[in-house]
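Model the placement of chains B, C and D on the given structure of chain A, informed by the hints.
Residue numbers (our numbering), protein chains in the order written: chain A, 1 to 138; chain B, 1 to 138; chain C, 1 to 80; chain D, 1 to 80.
Honestly, the hints are just simulated from the structure, not real lab data. Glycine included, C-beta positions come from ideal geometry on N, C-alpha and C. There could be a bad hint or two in this list.
Stated by the list, open to error - Ranges between beta-carbon positions, derived for each pair:
(1) C/Gly27 to A/Asp23: 54 to 64 Å
(2) A/Ile2 to B/Pro10: 48 to 58 Å
(3) D/Phe19 to A/Asp113: 43 to 53 Å
(4) A/Gly83 to B/Phe127: 28 to 38 Å
(5) C/Tyr58 to A/Gly41: 31 to 41 Å
(6) C/Tyr58 to B/Gly88: 37 to 47 Å
(7) B/Ile126 to C/Arg18: 34 to 44 Å
(8) B/Val45 to A/Gly41: 53 to 63 Å
(9) B/Met1 to C/Glu23: 57 to 67 Å
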Amino acid sequence: MIDIQLLSTPLDVQHCIDFVTSDAAGAVNVFIGTVRNSTKGKRVVRLEFEAYEAMALLEMKNIARRAMEKFQVLKIAIHHRVGTLQLGGAPVVIAVSAPHRHASFEACQYVIDTLKETVPIWKKEIFEDGEVWVAAHP
Amino acid sequence: MIDIQLLSTPLDVQHCIDFVTSDAAGAVNVFIGTVRNSTKGKRVVRLEFEAYEAMALLEMKNIARRAMEKFQVLKIAIHHRVGTLQLGGAPVVIAVSAPHRHASFEACQYVIDTLKETVPIWKKEIFEDGEVWVAAHP
Amino acid sequence: MKLTLLSFGIAKDITGQRFREWEMPDGAKVAGLRAQLARQYPILNELSALRIAVNSEYAGEDMALKEGDEVALIPPVSGG
Amino acid sequence: MKLTLLSFGIAKDITGQRFREWEMPDGAKVAGLRAQLARQYPILNELSALRIAVNSEYAGEDMALKEGDEVALIPPVSGG
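Chain A extracted, bound-state conformation:
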């Protein structure tokens, strides 16, 4: 079972945990991305996330399905923000339940690593003196 959402409101970690919790699970691993106050020594004021929404939802579903095939896991929730985030806000929450703990860690790390490579979502970092689309240029 998977729960994939793109949201313009603050993410609810407990909602993701509740979704994956199961009597058959012995382990839940949760990854929360958070907005850091600096990148390469520059102070970040806020972030803006833009998504190709239809494709981002499809890609996140594909990643969750592949994680279910590759690892012994039970349920996966992936919630991602769009719009403006302040410092300390959470762009992404991933929760994975599994009978055993190692699978929960491996699957959760697989999901975030793959999400960062393939899901069409873009982050713009806003500094006091400018802004930049992350990773756009070499």
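Structure of chains B, C and D alone, referenced to chain A:
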């Protein structure tokens, strides 16, 4: 900064996340142990956890300190239950914040793996027809 | 044939629009679209990478385009 | 000398008490305590492992015990 607790009341995941959250963090990894409904095919009714409390607290502090030395992490919370847990209850919650995600995963996995080897806490599984101290016998 | 061209992130800043119509000769492939875009927006070549998706799936250079396809310019993603 | 002996988990079931006083000759080491326990509670030898902690730290077999030490029997742990 570390927050180590042994508690006889339900663990509060959000409390652990709030403790480790920091403007300098880009990632939080959370591990939640949960009570499975079966072990080796036998239905589990409930669990009972007993601790050598003074030493368990010391060992958990040592593990958190070593994790801070080994990995680039910012804050660690480890909360562990004692007493009786029903199905779906959480014996342990570990939260780790880090500037980058891989360190948060590695440190969180190190903490739970080491905790299961060295922290003097014992789990008794109660079945419909008996009970057993986990791992006591070969 | 007429395509729908979507641009995101820095690609939207370069093409100036998130959503537009795009005209191509019948039988064109993804590689042909890429060449056409590079001529019209040479600055796209300065990106670390530019993937192209057709109807919400990443597409190879040899994929044939057809009337009504939704084609998206995907600069390096940075979600998470 | 008098020690305090703590037993946990299955070790408590075997010794019958979580907390008791334990008498040993002066100068005894952890190995000597272990031998004494094995004679008094032979069933302890059936455990997968039995570690001994002295004053809340795991202790090696050669560690000398002293009056008032808190010695704990640590059967295989199973927290988490």
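Outcome of the hint check:
Our hint of 54 to 64 Å for C/Gly27 and A/Asp23 holds, since their Cβ atoms are close to 56 Å apart. Judged by the Cβ atoms, the range 48 to 58 Å given for A/Ile2 and B/Pro10 is violated: they are separated by roughly 27 Å. At roughly 50 Å, the beta-carbon separation of D/Phe19 and A/Asp113 lies within the given 43 to 53 Å, and the hint holds. Under the hint 28 to 38 Å, the C-beta atoms of A/Gly83 and B/Phe127, about 50 Å apart, miss the expected range.
Roughly 34 Å separates the CB atoms of C/Tyr58 and A/Gly41, a value that falls within the hinted 31 to 41 Å. Distance hint check: the CB atoms of C/Tyr58 and B/Gly88 are about 40 Å apart, consistent with the given range 37 to 47 Å. As the Cβ distance of B/Ile126 to C/Arg18 is approximately 59 Å, the hint placing it in 34 to 44 Å is violated. Range check, B/Val45 to A/Gly41: about 56 Å between beta-carbon atoms, so the 53 to 63 Å window is met.
The given range of 57 to 67 Å is respected by B/Met1 and C/Glu23, whose C-beta atoms sit roughly 60 Å from each other.
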